[in-house]
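**Student:** The primary structure of each chain is shown beneath.
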Amino acid sequence: MSEHQITLTTRDGHEVTFSCGDSFDVVSAGEQAAILLPSLCRDGGCGACVGHCAEGEYTLGEHNAGVLSEAAVSGRDVLLCRTYPQSDLKITAPYDYAHIHFGHCEARNAVITGLKTIADRTVRIRLSWQDEEGGKAVEFEPGQCMELEIPDTGIRRAYSLANTGNWRGELEFLIRLQPEGRFSGYLSRGAEVGQILKVYGPSGAFGLQSDSLNPAVFIAGGTGLAPFLSMLRRLAEWGEDRSIHLLFGVNRESELFYIDELDRLKQQLPGLSVTLCVWKPEPDWSGFSGTPAEALQHYLQDHPGDYDIYLCGPPLLVTAATQVALARGIAEQRIFSEKFG
Amino acid sequence: MFCYQCEQTTRASTGNGCHEVKGVCGKDETTADLQDLMIYGLQGIAQYAKRLRQFGENPSEADDFMLYALFTTLTNVNFNASRFVQLIKETAVWRDRLKAQYEALAEQQGVAAEALTGPGQWRPASTLAGLMIQAQEAAINLELQQVGEDIIGLRAMLLYGIKGAAAYAYHALMLGYRDDDIGAGFEEALDFLATHPGDADQLLDWSMRIGQLNYKVMAMLDAANTGSFGAQQINTVNLAQVKGKAILVSGHDLHDLAQLLEQTQGLGINIYTHGEMLPAHAYPKLKAYPHLVGNYGTAWQNQHQDFTQFPGPILMTSNCLVEPSPAYRQRIFTAGPVGWPGVRHIVGGDFAPVIEAALALPGFSEDAPEQLITVGFGRDTVMGVADKVIDAVKAGAIQHFFLIGGCDGAAPGRNYFTEVAEQAPDETVILTLGCGKYRFNSHDFGDIGGIPRLLDMGQCNDAYSAIQVASALAKAFDCGVNDLPLSLMISWFEQKAVAVLLTLLSLGIRGIRLGSTLPAFLTPALLAKLGEAFDLKATGTAAQDIQDAMKKAA
Chain H
22 MSEHQITLTT RDGHEVTFSC GDSFDVVSAG EQAAILLPSL CRDGGCGACV GHCAEGEYTL
82 GEHNAGVLSE AAVSGRDVLL CRTYPQSDLK ITAPYDYAHI HFGHCEARNA VITGLKTIAD
142 RTVRIRLSWQ DEEGGKAVEF EPGQCMELEI PDTGIRRAYS LANTGNWRGE LEFLIRLQPE
202 GRFSGYLSRG AEVGQILKVY GPSGAFGLQS DSLNPAVFIA GGTGLAPFLS MLRRLAEWGE
262 DRSIHLLFGV NRESELFYID ELDRLKQQLP GLSVTLCVWK PEPDWSGFSG TPAEALQHYL
322 QDHPGDYDIY LCGPPLLVTA ATQVALARGI AEQRIFSEKF G
Chain D
20 MFCYQCEQTT RASTGNGCHE VKGVCGKDET TADLQDLMIY GLQGIAQYAK RLRQFGENPS
80 EADDFMLYAL FTTLTNVNFN ASRFVQLIKE TAVWRDRLKA QYEALAEQQG VAAEALTGPG
140 QWRPASTLAG LMIQAQEAAI NLELQQVGED IIGLRAMLLY GIKGAAAYAY HALMLGYRDD
200 DIGAGFEEAL DFLATHPGDA DQLLDWSMRI GQLNYKVMAM LDAANTGSFG AQQINTVNLA
260 QVKGKAILVS GHDLHDLAQL LEQTQGLGIN IYTHGEMLPA HAYPKLKAYP HLVGNYGTAW
320 QNQHQDFTQF PGPILMTSNC LVEPSPAYRQ RIFTAGPVGW PGVRHIVGGD FAPVIEAALA
380 LPGFSEDAPE QLITVGFGRD TVMGVADKVI DAVKAGAIQH FFLIGGCDGA APGRNYFTEV
440 AEQAPDETVI LTLGCGKYRF NSHDFGDIGG IPRLLDMGQC NDAYSAIQVA SALAKAFDCG
500 VNDLPLSLMI SWFEQKAVAV LLTLLSLGIR GIRLGSTLPA FLTPALLAKL GEAFDLKATG
560 TAAQDIQDAM KKAA
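Protein chains in written order, with the numbering used here: chain H, 22 to 362; chain D, 20 to 573.
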């Protein structure tokens, strides 16, 4: 096996170097070198690790064309979790240096303290650290995720945290049940309160641009609401008053959840407004009928200006909303997204 | 953005100063510009406050706001742009309140109110874009083409001196100490800056006035510290970890530390000082708390390493904050003037969230072997052994004093201060204050007839102590301070150090060596002027500077 030098330049101009064998992907090689690069699915499916290869030869593994189009592939955009070097590589990463964690990813045990179906095909799972050695603190940036491991399988899935960092050891996740999903299967059939799960993380580079003064638009598809809940809850805790419009969309009304919580947050955050979007609503639906991308189109048309656009949801929604934002003149670097599903 | 207020500012052949989208300190363009605009607004407050005093009014609450606002603009204090948008609004509210009061009093007394222009009548824009356009008129180098870089440099020196003095005054204020004359001094200086002064001699004169004002401020702060916590006493401080839950307190604000100590009594949480908080261990009322167990880490520029390794929350009480790394971003808290976007901020002295974090975080799992250093050589301590010191000087046992004071920094040239301490002959005493001491304060320098060779006088604001000791020695030897066998090696980094330097110069102290890099706002012409007037010099090599100093001793 040949070893190649990977030189990663972060969005804010720092360089990180490590070596990578040609049978390893860049994210895994980083992990071996105790350099944890932000990523989610590690399977070419989510687009959290899209970079650009400026120099060098590589092989790009199988991936979701929805997160990396043929044109992007031709232009040497890469998914770091699916990039296998054939020579030394120079890659630009889509995140700041601060989002890279130096050290090994250690697992902690957490006990399931709550398990509830909160809408059609949506489960809320609450966990609490079981072991006390590392203290009770749960530390992460709103927007980040943690990986949960199905007991006795070694299979992990990354989910965004919906609560905020806290000193009580509590973690909250909102998970959409996928018909063939391994973790969904576990939640539907095996999970119960009191069980112990291994939790890895936090990781991921999705999050608030805390130094921005632009008003923000959050576009959430389904459980894509989770990272925005985390951000809003944190802003509420700290009494920040930035202007945020949340577009929360689902397919049917029965899939809506956390409406009361959003109302509560609106009381705490005077700058928050919310539009609920249902793609296929019942006739008496009084909210927006259509997708969040369509709602964004209307919103930007009615409220032109500079915005930070945050997107989280299925790839089709993220792509559509991104195109809407770009077409309305939002600068590409002011659009922050995380795809899942 | 244009900023050259601290030592780390960008230096280039095309001109010194940070003018990119982000300064070396981490302050972004938006924040820097908003800070400039807020200072412009503060000049408006000062304009009306000064005039209100002519009617016998005392606008002390506006002065308090002004001190706080000025403090937020020091290097490494507040990086939160949204905070400055808010502060700009508050600035205009204060200014309007004073303006209305002034105009009403003028009318009442049948006097024509002055129609003030510039900051006196400025209206903050309602949008960020508008504020950023307005900020262009508030930049420190706005009239560079018209007045030249020397005048800009002098204006900057005056403003930075004001900022530094305001920070010290704010610390005193937190302990309940304020002085109307000092408030009036700030108002007058800012009012003067609002006139766009262009006369070099007049500007230099005002800098000396700020030096004198800062001398009063430091005396007030000294009174506040000793009045609140007792006079410094010699004490040993453990630099090693102690098993148990832990909170690390950094910055300078002893009031915050005292409140935290009070609120954590009996909870089993150990409190550690960091950086400029080390001298807290010398104050009797602070060291009386048994859970103030030691000092962890070193100077401010090492906080990434120190804070990452600390297994508890960190409280940043005043300046010296650098961008919190992800490793501890969730467990660092700011208080008072300090801020970083997205970092938890404590309001009103309620440290419950910090305490909650401390109880949730692991703390230290075991003790480390004790490592003790000695602190507490403030003016009262040193004056207490003045006779011994004077006798040692007369007998030739002490041949020279080196005052190595000021802030530390990351620049490689700062080894100079370490080398001066290490190479200082055995017959010399090293007085130190500020966090520059971390470069050598764990070194054993021995003693001279029972007088330790290294005397830690405290924080940078304890320069007042050093001045008092020097004055007392001069009195004892019936000479001027400049005639004493004393050399001052000042490591400047930011605006507090500028204020202290102006104080020393205003007191007529000559021959100060300033380093490791000279301020960017001091142009060659200004340096020449200060060199001529005060024999102010750049630090050279440690060996040569010591040799020069010892010639003075001979």
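Hints listed in this document are in silico derivations from the structure and should not be mistaken for laboratory results. Treat each hint with caution, since some may be false.
As the list claims (entries may be wrong) - List time: in silico BS3-like cross-link candidates among lysine-lysine, alpha-carbon distance up to 30 Å: (1) H:111 <-> D:41; (2) D:41 <-> H:219; (3) D:262 <-> H:157.
Said to hold, decoys possible - Stretch-level coverage of chain H by chain D, calculated; a stretch enters the list once three of its residues show a Cβ under 8 Å from a Cβ in chain D: (4) 34-41; (5) 158-164; (6) 174-184; (7) 188-202; (8) 336-349.
Note that beta-carbon positions come from the ideal geometry of N, C-alpha and C, so glycine has one too.
**Student:** State for each hint whether it applies.
**Tutor:** Checked hints:
1. Between residue 111 (chain H) and residue 41 (chain D) the CA atoms are separated by roughly 25 Å; this keeps the pair inside 30 Å, and the hint holds.
2. For the given pair, residue 41 (chain D) sits about 41 Å from residue 219 (chain H) by alpha-carbon distance, which is inconsistent with the 30 Å threshold.
3. A C-alpha spacing of about 17 Å is found between residue 262 (chain D) and residue 157 (chain H), which places the hinted pair at or below 30 Å, so the restraint holds.
4. Coverage of a stretch by a chain is defined here by at least three residues with a beta carbon nearer than 8 Å to that chain's beta carbons; for the region 34-41 of chain H and chain D the count is 0, and the condition is violated.
5. By the rule of at least three residues with a Cβ nearer than 8 Å to a Cβ of chain D, the coverage given for the region 158-164 of chain H holds, with 4 such residues.
6. Only when three residues or more bring their CB closer than 8 Å to a CB of chain D does the claim for the region 174-184 of chain H stand; here the count is 0, and the claim is violated.
7. Chain D is given as covering the region 188-202 of chain H, and this holds because 3 residues of the stretch bring a CB closer than 8 Å to a CB of that chain, at least three being needed.
8. By the rule of at least three residues with a Cβ nearer than 8 Å to a Cβ of chain D, the coverage given for the region 336-349 of chain H is violated, with 0 such residues.
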